[in-house]
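Next come the chains, spelled out residue by residue.
Protein chains: 4
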Amino acid sequence: MAFSDAVIAIVITLLALELKPPDAESGELLDALLGEWPTYLAYAASYLYLAVIWLNHKAAFTRIREMDRGLQWANLGILATLALVPWPTAVIAETARTGDLTDERVAVALYALVGAVLCLAWLAFFSYLARHPDLTNDEVDDAYFARERPRALIGFVLYLVAGAAGILIHPLVASVGFLLVPVYWGVTSHGVDHL
Amino acid sequence: MAFSDAVIAIVITLLALELKPPDAESGELLDALLGEWPTYLAYAASYLYLAVIWLNHKAAFTRIREMDRGLQWANLGILATLALVPWPTAVIAETARTGDLTDERVAVALYALVGAVLCLAWLAFFSYLARHPDLTNDEVDDAYFARERPRALIGFVLYLVAGAAGILIHPLVASVGFLLVPVYWGVTSHGVDHL
Amino acid sequence: MAFSDAVIAIVITLLALELKPPDAESGELLDALLGEWPTYLAYAASYLYLAVIWLNHKAAFTRIREMDRGLQWANLGILATLALVPWPTAVIAETARTGDLTDERVAVALYALVGAVLCLAWLAFFSYLARHPDLTNDEVDDAYFARERPRALIGFVLYLVAGAAGILIHPLVASVGFLLVPVYWGVTSHGVDHL
Amino acid sequence: MAFSDAVIAIVITLLALELKPPDAESGELLDALLGEWPTYLAYAASYLYLAVIWLNHKAAFTRIREMDRGLQWANLGILATLALVPWPTAVIAETARTGDLTDERVAVALYALVGAVLCLAWLAFFSYLARHPDLTNDEVDDAYFARERPRALIGFVLYLVAGAAGILIHPLVASVGFLLVPVYWGVTSHGVDHL
Numbered sequence: 149m150a151f152s153d154a155v156i157a158i159v160i161t162l163l164a165l166e167l168k169p170p171d172a173e174s175g176e177l178l179d180a181l182l183g184e185w186p187t188y189l190a191y192a193a194s195y196l197y198l199a200v201i202w203l204n205h206k207a208a209f210t211r212i213r214e215m216d217r218g219l220q221w222a223n224l225g226i227l228a229t230l231a232l233v234p235w236p237t238a239v240i241a242e243t244a245r246t247g248d249l250t251d252e253r254v255a256v257a258l259y260a261l262v263g264a265v266l267c268l269a270w271l272a273f274f275s276y277l278a279r280h281p282d283l284t285n286d287e288v289d290d291a292y293f294a295r296e297r298p299r300a301l302i303g304f305v306l307y308l309v310a311g312a313a314g315i316l317i318h319p320l321v322a323s324v325g326f327l328l329v330p331v332y333w334g335v336t337s338h339g340v341d342h343l
Numbered sequence: 149m150a151f152s153d154a155v156i157a158i159v160i161t162l163l164a165l166e167l168k169p170p171d172a173e174s175g176e177l178l179d180a181l182l183g184e185w186p187t188y189l190a191y192a193a194s195y196l197y198l199a200v201i202w203l204n205h206k207a208a209f210t211r212i213r214e215m216d217r218g219l220q221w222a223n224l225g226i227l228a229t230l231a232l233v234p235w236p237t238a239v240i241a242e243t244a245r246t247g248d249l250t251d252e253r254v255a256v257a258l259y260a261l262v263g264a265v266l267c268l269a270w271l272a273f274f275s276y277l278a279r280h281p282d283l284t285n286d287e288v289d290d291a292y293f294a295r296e297r298p299r300a301l302i303g304f305v306l307y308l309v310a311g312a313a314g315i316l317i318h319p320l321v322a323s324v325g326f327l328l329v330p331v332y333w334g335v336t337s338h339g340v341d342h343l
Numbered sequence: 149m150a151f152s153d154a155v156i157a158i159v160i161t162l163l164a165l166e167l168k169p170p171d172a173e174s175g176e177l178l179d180a181l182l183g184e185w186p187t188y189l190a191y192a193a194s195y196l197y198l199a200v201i202w203l204n205h206k207a208a209f210t211r212i213r214e215m216d217r218g219l220q221w222a223n224l225g226i227l228a229t230l231a232l233v234p235w236p237t238a239v240i241a242e243t244a245r246t247g248d249l250t251d252e253r254v255a256v257a258l259y260a261l262v263g264a265v266l267c268l269a270w271l272a273f274f275s276y277l278a279r280h281p282d283l284t285n286d287e288v289d290d291a292y293f294a295r296e297r298p299r300a301l302i303g304f305v306l307y308l309v310a311g312a313a314g315i316l317i318h319p320l321v322a323s324v325g326f327l328l329v330p331v332y333w334g335v336t337s338h339g340v341d342h343l
Numbered sequence: 149m150a151f152s153d154a155v156i157a158i159v160i161t162l163l164a165l166e167l168k169p170p171d172a173e174s175g176e177l178l179d180a181l182l183g184e185w186p187t188y189l190a191y192a193a194s195y196l197y198l199a200v201i202w203l204n205h206k207a208a209f210t211r212i213r214e215m216d217r218g219l220q221w222a223n224l225g226i227l228a229t230l231a232l233v234p235w236p237t238a239v240i241a242e243t244a245r246t247g248d249l250t251d252e253r254v255a256v257a258l259y260a261l262v263g264a265v266l267c268l269a270w271l272a273f274f275s276y277l278a279r280h281p282d283l284t285n286d287e288v289d290d291a292y293f294a295r296e297r298p299r300a301l302i303g304f305v306l307y308l309v310a311g312a313a314g315i316l317i318h319p320l321v322a323s324v325g326f327l328l329v330p331v332y333w334g335v336t337s338h339g340v341d342h343l
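Residue numbers (our numbering), protein chains in the order written: chain C, 149 to 343; chain Y, 149 to 343; chain D, 149 to 343; chain Z, 149 to 343.
No wet-lab data here; the hints were simulated from the structure. A hint or two may mislead.
Intra- or inter-copy, both count: the list cannot distinguish identical chains.
[What the hints assert, rightly or not] Here are the simulated SDA-like cross-link-like pairs (lysine to any residue), alpha carbons at most 20 Å apart as the crow flies:
no., residue 1, residue 2
1, Lys168, Asp248
2, Lys168, Val265
3, Lys168, Pro281
4, Lys168, Val262
5, Lys168, Tyr332
6, Lys168, Leu261
7, Lys206, Pro298
8, Lys206, Val331
9, Lys206, Ala300
Quick caveat: nothing in here was measured; it's all calculated off a predicted structure.
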């Protein structure tokens with residue numbers, strides 16, 4: 149857990165690294181700062197996303213008693229994919245700044261792809277736990293992690309739909325979708341009642 | 149706590165990343181290094197600020213017995229805002245270097261804004277704990293976190309006043325204020341007596 | 149362990165920092181993203197490598213009861229070398245992008261060198277534990293860490309062979325080798341059965 | 149401890165961030181890599197230094213039973229100063245690359261200054277513990293931390309002497325001194341016998 153916690157903490161803090169003093173002409177700092185709004189939005193959205201992932205991760209691990217090699221790899225799969233999140237976030241912020249519509253479509257497609265792969269990593273993680281009830285705490289219902297799988301699958305579909313809408317309709321539709329999926333994950337998440 | 153500790157440790161260390169070998173002509177390193185004094189001051193001030201936050205955070209968590217979902221989100225709100233601190237710090241250092249007074253006003257206003265929002269995040273955190281005494285340790289007085297709220301509120305007002313003084317009078321007035329608020333928070337902070 | 153965990157978590161996450169929005173002409177983001185494939189491959193290979201190292205590290209430390217000064221230094225030797233891994237990874241990605249065959253040979257030789265030194269650091273670590281059975285848990289067979297030494301030695305030889313093949317035959321041969329060594333280490337690794 | 153561990157782990161890993169693919173003409177990567185030797189030396193020296201600091205820090209904290217506010221601040225003083233170490237390290241590597249003797253003198257003076265301040269931070273830390281024996285474990289001799297003070301003071305003097313020698317004689321003399329001080333600290337350090 150210390151390792152997973154550290155990885156998620158680093159990724160969530162790296163997002164803030166995107167925020168730098170803008171290259172502004174002397175006396176035009178205010179305009180330059182206001183013009184960076186896509187970066188602020190991207191920071192907020194991805195911070196929210198990673199915060200929800202951390203809560204889900206914590207909720208899962210309070211129910212896990214021990215880890216075998218397979219679960220270690222499933223967990224490493226989640227960590228590898230979530231470490232990618234700052235990258236499409238930065239790409240979206242960059243294209244929003246330059247404003248080319250083709251590039252914005254590519255950027256939201258990339259974000260949708262990473263989001264969808266992350267959902268698949270969660271699906272693999274939940275499926276592994278559903279097949280290995282001996283790894284979970286005694287008080288956890290054996291069907292608990294089996295019931296978590298549809299949430300990951302729905303997230304996967306939602307990211308693909310948002311990405312497709314971004315390409316076919318308008319990138320902004322995708323961006324709204326990217327904000328809504330973490331909300332869905334957060335609302336349907338199970339609680340962590342202990343420190 | 150491991151997660152919060154990691155986030156604060158990363159943010160505090162990222163500040164030091166601002167310190168880089170200056171772009172100096174050959175033989176003029178000394179002048180270049182001395183000319184970077186606003187960056188050193190900004191490093192010192194923000195390090196002090198984040199150190200005080202860490203102590204306050206630790207002081208609060210030694211009094212918390214368990215976390216529910218609401219407290220998790222209140223804590224994530226604090227972490228999200230404090231991760232922003234290196235950004236206005238770098239903006240102030242940058243404008244102090246270029247020396248445009250309009251930009252310096254914008255920079256201190258941005259710092260005041262982030263500082264004020266951080267105080268609001270603490271206010272939300274303390275208020276949540278004041279309304280949920282069941283989350284605190286038995287030996288903690290039920291009114292303890294209710295009494296912490298005015299400290300956050302005063303910090304909020306102080307940041308707004310410092311920012312306004314920076315815009316209306318002179319940015320240096322704001323900078324002095326930014327150094328004093330953490331001192332206020334540090335002096336009024338409650339102790340953490342155990343490791 | 150908290151310190152080692154933090155170092156490995158930081159190194160593994162720094163890899164993802166290599167992924168940045170590409171410098172693309174307006175409207176050519178897709179081509180630019182697709183052209184970055186060597187970076188993606190390098191991310192995947194080094195993530196896999198560091199993940200295997202983390203599992204091996206964890207597997208070793210579940211068998212260690214206490215650390216003396218010598219074991220501390222052997223562990224710091226491993227951490228120092230693995231912190232280097234993102235560097236030759238970035239050099240390989242860079243040369244794959246420019247496509248000069250001489251540079252690609254130098255890059256794979258550098259990667260092979262770092263990989264081989266890392267195997268030596270593991271060899272020193274395992275040898276120290278083999279000579280100090282008093283540092284391991286009682287239930288651990290005294291010959292356990294002696295039997296781990298050949299794995300490190302074989303890794304060392306494999307990196308040198310892969311590097312030599314990269315110089316004498318073709319850099320791609322080395323790259324395939326770099327992907328296979330972590331797989332060898334992963335497959336022959338001992339389990340960590342508890343959280 | 150988790151917080152201190154995280155800060156030291158981040159600083160030690162940031163050093164490796166200095167290592168980047170060099171800006172080389174196509175086909176001249178090998179020369180460019182070999183020409184970066186001052187950076188490699190600086191990485192090695194500062195890694196060694198921070199590793200010794202970590203061991204000393206761990207050795208001190210295994211003897212500490214509880215922390216009060218004063219000890220927290222003394223510890224934060226050490227962390228703030230050691231987070232600076234990568235900065236003069238990078239400045240020395242940079243001046244060794246450009247080769248201007250005046251700049252090299254400034255660079256070693258800066259390194260000596262940071263090293264000396266770090267020793268003062270340790271001196272304050274040890275002095276605080278010497279005056280508060282109630283904070284240490286029962287089995288720790290009351291004079292233990294008083295006896296640690298001369299080590300910090302000698303380190304302080306050694307850094308000033310090395311810096312002065314670098315300015316008056318030659319920067320290389322200072323660099324050799326910077327490599328020797330951590331060795332002195334490492335050799336005279338007290339053990340940490342438990343995990």
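Tested hints:
no. : hint            : in the structure
1   : Lys168 / Asp248 : between (23 Å within a copy, 18 Å between copies)
2   : Lys168 / Val265 : between (29 Å within a copy, 19 Å between copies)
3   : Lys168 / Pro281 : neither (47 Å within a copy, 40 Å between copies)
4   : Lys168 / Val262 : between (25 Å within a copy, 14 Å between copies)
5   : Lys168 / Tyr332 : neither (31 Å within a copy, 28 Å between copies)
6   : Lys168 / Leu261 : between (27 Å within a copy, 16 Å between copies)
7   : Lys206 / Pro298 : within (19 Å within a copy, 32 Å between copies)
8   : Lys206 / Val331 : within (17 Å within a copy, 29 Å between copies)
9   : Lys206 / Ala300 : within (16 Å within a copy, 29 Å between copies)
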